[in-house]
Amino acid sequence: MTTYKKHGTSKHRFCLICGCTDTMILQDCQLAGNRDHIRRFVLCRECSDRLASRSPTRTENQAGIPQTMSEIALRRETRKQKAFDRLGTDHPICACCLSSDRRFMESHHLEGEKFGETLINLCRNCHRILSDGQQDHPPQFGEPPITEERIGHWLLGLADLLELLVTKLKEFGNYLIDKARGAAAVPAETTP
Amino acid sequence: MSGIMRGDAASTATDKLTVALRAYGVPEGREEPPILSGTSRRGPSRWNLIFDTETTADPVLRLRFGAYQLRYGDELRDTGLFYDPAALSEADVGVLKNYTDAKHLKLLTNAEFVEKIFLRAAYHWQATTIGFNLPFDLSRIAYLHSDARGKMRGGFSFHMAPEGMKAPRIRIKHLSRKASLIDMYGSDQKLSRGMRKRKIYGPRRRPAFVDVHTLAHAVLGRSSTLGALANTLETPHRKLGTDEHGKPLTPEYLDYALQDVQVTWECFTELRRRFELHGLERLPIHHVYSEASIGKGYLRQMGIRPWREVQRDFPDELVGIVMGTYFGGRAEVHLRRVIRQVAYCDFTSMYPTVCSLMGLWRLVIADGVDWHDATDATQRLLDSVTLADLQHPAFWEQLHVLVEVDADADILPVRARYGREPQYTIGLNYLTSADTLWFTLADCIASKLLTGKATKIARAIAFTSRKVQRNLNSARIASTDYTIDPTKDDFYRRIVERRQHVKALAKKATDEEAERLKAEEAALKTIANSIAYGVYVQLNVDEEEKPVAVRCHPAKGRPFLVDMNQVEEPGEFFHPLLGTLITGGARLMLAIAERLILDQGLDWAFCDTDSMAIAKPEGMIDKEFFARVESIRNWFAPLNPYDMPLDMFKLEDANYRIGGGGKNMQPLFCFAVSSKRYVLFNVDDQGRPIIRKASAHGLGHLLPPYGDAVPLEEIGVARWQHDVWYRIVLAALAGRSQQVQLRDLANVDQPAVGRYAATTPPLLAWFEKMNEGRPYAEQIRPFNFMLMFQADRIAAIEELHGPAGDALRDKTRGKVEPYLPRAVAGYRTDPAEAASQCFDRETGRPVPRQLLKTYAQALAQFHLRPEAKFLDADFLDSGPTRRRHVEVHAIVYIGKEANRWEEQSYIGLDEEAEIEYGIIPEQRKSIINQAREAGNIHGQRALAKAAELSLQQVSAILRGQAAPTNETLAKLIKGMAELDRKARVEQQETDTAERRLREMVAELGFQVAAVQLEIDAGNFSRMMSGKRRLTPAIVRKLRDQAFLRNRKRRNFAR
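Line order of the protein sequences matches chains A and B.
For the first sequence, the residue numbers in my numbering are 1 to 192.
For the second sequence, the residue numbers in my numbering are 1 to 1054.
Among the hints, a few may not be true.
What the hints assert, rightly or not - The calculated lysine-lysine pairs, modelled on DSSO-like cross-linking and capped at a C-alpha distance of 30 Å, are:
| id | chain 1 | residue 1 | chain 2 | residue 2 |
| --- | --- | --- | --- | --- |
| 1 | A | K82 | B | K1027 |
| 2 | A | K80 | B | K116 |
| 3 | A | K80 | B | K166 |
| 4 | A | K82 | B | K197 |
| 5 | A | K80 | B | K197 |
| 6 | B | K623 | B | K556 |
| 7 | A | K82 | B | K116 |
| 8 | B | K525 | B | K488 |
| 9 | B | K1037 | B | K1027 |
| 10 | B | K925 | B | K546 |
| 11 | B | K546 | B | K116 |
| 12 | B | K503 | B | K693 |
| 13 | B | K556 | B | K197 |
| 14 | B | K197 | B | K178 |
| 15 | B | K623 | B | K518 |
| 16 | A | K114 | B | K467 |
| 17 | A | K82 | B | K166 |
Unchecked claim - Here's a subset of chain B near chain A, in silico, CB distances under 10 Å, partners left out:
| id | residue |
| --- | --- |
| 18 | W125 |
| 19 | V1001 |
| 20 | A1002 |
As the list claims (entries may be wrong) - Here are the computed distance ranges between Cβ atoms for each label pair:
| id | chain 1 | residue 1 | chain 2 | residue 2 | range |
| --- | --- | --- | --- | --- | --- |
| 21 | A | A83 | B | Y185 | 46 to 56 Å |
| 22 | A | G182 | B | E112 | 41 to 51 Å |
| 23 | B | S474 | A | G182 | 48 to 58 Å |
| 24 | B | S176 | A | T147 | 45 to 55 Å |
| 25 | A | R124 | B | E112 | 31 to 41 Å |
Hints listed in this document are in silico derivations from the structure and should not be mistaken for laboratory results.
Positions of the beta carbon are idealized from the N, C-alpha and C atoms, including for glycine.
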């Protein structure tokens, strides 16, 4: 959390954490993130301070006092690093929908567990869709599976992934077109 | 006459010795491990944990408190102090609390630090743990330790949780004073069982550990303390001074501890910056253990695949032959314990130059090597080669040849236990052998230069490089635009050219630019040193839990199986052919210099790998001397492989006046005691010496009795070592080189003490008795410092028998050899206090202080050390040494000679560290026959005694009723050699006695001589006529008589 702005008076504002409505202590808080993806919250001063002290990304104290990490921050970092270790990367991204929150990311065997170890990271939804599709693949007949069978399953897995990607791309394309259509329709309706 | 051509050793053998050759040992049944160039694992996370500990000032060195920083990348996220509540008083804890409150720092107990910070960061976050002398700090925060197993056998495993609780462990295996292997493995699983079973995980991370001390040595090429390192690297913060170790805590002391952590971090970042200059993407910083790591990083960067990977079918038998020809650099003293004016010269980048001249880069990048018989061609070449041929660079490319030699008084490198030395040393000596032996062609040419006759060749194998490996990449050197294409360029040549170019630029550059260029030059030096030699002969020794069957491939004879406790594992870029050709080439360079020196009518004082001190003969004027030196130096000019004019055999800075900018020569003098033990100095107007360069050989294992251990700039030794050399030179200048006055140096009457750390389980075991019954926290632990003292033999005799004189005179009692305790003590800042607490490491009994050698006693023979590998080089000998003429008695095959060398230099020789494969089975029979002969001549009892075996054992072997083990056979050989040596000495003494006897008879007449010697006239007559041998008693009497007469003469002369 890097910047704090003085909140203007408003009847409908309240602290997102404690529900406090005292306008004298409410303030706009801005979360530092992607430059084009800034989120604003309303918090009371007390909650804002508490949140600031928990933040693991805080850098330097204004008074130059050496930084320390709270127990909560240490535990959160442990969870995060364990997830990164499990996923094999510090930047997990769903191969289908591009979501990137490590809390719902999973590793998926592209060809199925029995046929190989090619792992890709997916969000839970996409993982469920692809794993469900794998159940329709031909059953295993070689013990252990021979190379051709492995490659075959790998290709089927890749095809499933591409199929899902195609669906997602179509959905996204249609979404953008609908959005554009909506935007184009609004001025027409409001025009007297 | 001077030099190697002098003396009669060439014609008759002076020594019958067991010669040691290197062999190639391959563990039986063990598959070749896959060679992984690089790692498939992910590196550590961006988190860094830096910590340092402060301990008590007693031998236990128990943790008192420590400081840490936790950083994400470079960004400080958490910092604080931790402490051991049981080691601090309430007042100390109060000081800590007040300090941390005031500074807003975290304060944790050691248990909390380990659980909440260390294990989380190092294990769960896979952070890089950084420290200075990290093994010591890690051992301070551990709960318990045990001996490590598996690949870390020989090291320690530290438990990071109280007994009975599961937690990851840290394993540390000491490699040298500069590097340790550190890893961490967990008892808890980060992944669920199902995930592990189904292999649902990506590439795993491993925690990383960086010891800044190790990194500094690898990047800068020298070791230093944290304070000195910070000064060298000019970090923003510097180490604070304190004398509060072990005292009640103060805020200033806590400041000191926190600053140490900050300085460690800043040193790390600066070293990381310099390391990144190399641009070695495939070498993570936590895998840098030495300069060689950086060299190997460049080879990988260029995509060069190791020789063992590209040519797996190269016969092990041939590797055995190659290893048999391997000898290290040549280091000798020729003019011993005399002051001589010298010109001290060294070869510019010796190993890269040799590599370049011999075209060895082609072997490095080749897809393997081919070999063929070249016996006739090589014999013709040897017969015809002259000094002038060696001046043509093209000639050196023909030297990729190994030669089987029928040695007959040829001057060749001989590895043996000379004199009574317990370890093998290499000397360039006359060699005669009934059986043929393998050497490099370069060594044979060197022999021809020095003896004037060509060696007789039985067989020669020439090696040629195969086609160049595919997919090699150009490498950017030290992150500059200077690139080297391995397929087109000679890497060695280009790297030296670049270094010289940068060096020249730095001299003209502005301050800031010069700084950058100096860093680049240092990086280039590191690369040149590391790739030119070491990586090709790297053999790591693994200690095995139980004996392992190893197939030994000897240079001569069939491979044989032997059970070994130590197994040699070749390093990644192991290529022994390169190793032996490089060192052979370097020895040839020195032999050429020696030949030229002798041809010019000059002499030489000593040589050391790539340098030689050319000595001015008595009576020659300086101008003439330097003109001849110049002519020798100029001889090497055509051998310059670089595209710039370089002095190939250059005069070192020590030859020039101090501050003269390398222009004005000043007479330089040399006093050399033995190999690698020498001093170079000027003499001022008042006749006082000014030391210019000295060696710390034989001094480095002792703590300074006064002053600090930081080497004096340019001279290369510490202050006290300088003073010892100064006294030696003063005595030599005064014409009494044997009587060196050291008594008035500070603290030389204190017990001489050396310091080493308990780096391996056997070393720590010395303190088992001391640790008995103590809680773990109060025990001497791994990596604790310990002090080592030397026992004084004379004092031990006095202790045993009363005054030494009486004991020595008394024949009966004098024979009883006193037990010499091996005294050690836990570390104390005051060595005198430690001396009063020391104990025998074998028995655990206390050792009285009067039994300990003082510095004065320990250094008493420093200036007299014999050069056992040569003749005329005993304690009191001075002047030119002579080469021995070695006749090969037997050949014993050995492994890495330098195994645990550093440890042995501090704590004394350890026979178990030697890797000895033994003797080939074919030779065993002949040795037993020789032993039978020796038994017949000297008696079985004498043989058993000399071999340190029981009479029954020897008798059974000689009767053929027992098959001796390799170890027993080695002892038998040693015994035979000892008897042989004794017989020679006795013969010499008898010859001298006979000569004295005749002189005495001529001087005094037959009757008077008989009366004086108290011999019956009849017996005396038979002795004179040679019908009866002189008895030992007569020989002794004659020696005493001669001694008395000489003394009378001396007294009379006075």
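To see whether the hints hold, each was checked on the structure:
1. A/K82 - B/K1027: Roughly 94 Å between the alpha carbons, so the hint for A/K82 and B/K1027 is violated.
2. A/K80 - B/K116: holds (16 Å)
3. A/K80 - B/K166: holds (22 Å)
4. A/K82 - B/K197: holds (18 Å)
5. A/K80 - B/K197: holds (23 Å)
6. B/K623 - B/K556: With a Cα-Cα distance of about 51 Å, the restraint between B/K623 and B/K556 is violated, given a limit of 30 Å.
7. A/K82 - B/K116: holds (15 Å)
8. B/K525 - B/K488: Status holds; Cα separation ~22 Å.
9. B/K1037 - B/K1027: Cα-Cα ~20 Å, so holds.
10. B/K925 - B/K546: holds (28 Å)
11. B/K546 - B/K116: violated (39 Å)
12. B/K503 - B/K693: Between B/K503 and B/K693 the Cα gap is close to 23 Å, so the pair holds against 30 Å.
13. B/K556 - B/K197: violated (52 Å)
14. B/K197 - B/K178: violated (41 Å)
15. B/K623 - B/K518: Not OK: B/K623 and B/K518 at ~36 Å, beyond 30 Å, violated.
16. A/K114 - B/K467: Given that 30 Å is the threshold and the Cα spacing comes to 43 Å, the pair is violated.
17. A/K82 - B/K166: holds (18 Å)
18. W125: At about 4 Å, which falls below the 10 Å cut-off, the nearest Cβ of chain A leaves the hint on B/W125 intact, so it holds.
19. V1001: Violated, about 95 Å.
20. A1002: violated (94 Å)
21. A/A83 - B/Y185: 46 to 56 Å: Because 21 Å falls outside the window, the suggested range is violated.
22. A/G182 - B/E112: 41 to 51 Å: violated (57 Å)
23. B/S474 - A/G182: 48 to 58 Å: holds (56 Å)
24. B/S176 - A/T147: 45 to 55 Å: holds (47 Å)
25. A/R124 - B/E112: 31 to 41 Å: holds (36 Å)
Violation of the numbered hints given earlier is confined to hints 1, 6, 11, 13, 14, 15, 16, 19, 20, 21 and 22; the remaining hints are satisfied by the structure.
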